[in-house]
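**Student:** If you want the building blocks of each chain, they are given just below.
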Amino acid sequence: MSAMAKREPRSEVHRKQRMKNYAVFAALLGLIVLIYLITIVRIGGA
Amino acid sequence: MTDTALSLNTIQVGANARVGDYLALLKPRVMSLVVFTGFAGLFVAPGTLHPLLAAVAVLCIAIGAGAAGAINMWYDRDIDAIMERTRRRPIPSGLIEPAEALAFGVTLSLFYVMLMGLAVNWTAAGLLALANGFYVFVYTIWLKRRTPQNIVIGGAAGAFPPMIGWAAVSGTVELESIALFLIIFMWTPPHFWALALYRAGDYAAAGVPMLPVVAGPEVTRRQIVFYSAILAPLAMTPVVLGFAGWLYAVIAGLLGLAFIALAVQVWRETGERAARRLFGFSILYLFVLFSALIAEQALAPRFAGLPGTGLGLWG
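Just so you know, the sequences run in chain order A and B.
Our numbering applies: residue 175 is where the first sequence begins, and numbers increase by one.
Our numbering applies: residue 758 is where the second sequence begins, and numbers increase by one.
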């Protein structure tokens, strides 16, 4: 089995799990960016 | 056991839940009014706040309120499964495990209270924690299943957002923000009792002692008129306190008269139609009332004799 084929969701359950993983990743990334921006603003004296 | 079977076994809990089911735990429809009134409090408060921090404050109010909603769904999962209106929620549908919903709500609640404190100020964070605690412990756990006054006292939880928004800018609790709190506090009983009038069977089946279930529709209708008669003049307090002007006064006056007229219609008609109409109008009422407050502040703060606009004068 090729590397590409392994990445394909094997069932509906896997597909939903993968979507949840993406959502958690996006939420964490968003929070990192947000906290970075808050830090910059607060350092600036706001 | 094959690798596939093993991996399937390890992801059984909440395996069928979609991302949208977790968002549904946050009660997005309730959240929209919470966000809007919170933003209104923030916008009309005197003082300045960096736009990014204002956006963070609104985000914290939104997710904080949503997190309390998730904890509420965890605690009420037994009665949610009985009631027609709530039986399709993620926990009674079996899509999300109760413990997972609880962990989701508690984690979000704690995180966003901390974020509010660190990014904005601790007065706003304290009020957000108070609102969440009030909703979960006072309303959901203590009052909801015990007394028909559940939504009268418990309604305070939903009245906090404009006060939190105000505190995000000013850093304090002031008479003006208490006035905004009181408007929503007095709006809550007629709003929920209108709904309970045509959902009484649902509440009775679930054993929730809403006023129409315990005291009957006649008493409920009289109480709706009583609270509406208090709400209409109370909505004028922003004018009396000087942070709203004639535009708001006219709109609040007309809305108040319409609210009373619909409440009287509920009192006189025995059918469901008037109650449904009042419930729908009550949502519009709050939205338009706070829109008027925002619009007046945005368009003519000096004309209204206002002390300053939280966002508009930033810089």
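Hints are supplied without guarantee of correctness; some may be wrong.
Sample of chain B residues with no beta-carbon within 10 Å of chain A, all distances over it, derived [what the hints assert, rightly or not]:
1) Asn773
2) Arg775
3) Met840
4) Ala936
Selected chain B positions facing chain A (in silico; Cβ < 7 Å) [claimed, not checked]:
5) Gly777
6) Leu780
7) His807
8) Pro808
9) Leu939
Derived by calculation from the structure, the hints in this document are not laboratory data.
C-beta: ideal position from N, C-alpha, C; glycine also.
**Student:** Hint by hint, which ones does the structure fall short of?
**Tutor:** Of the numbered hints, 1, 2, 5, 6, 8, 9 do not hold.
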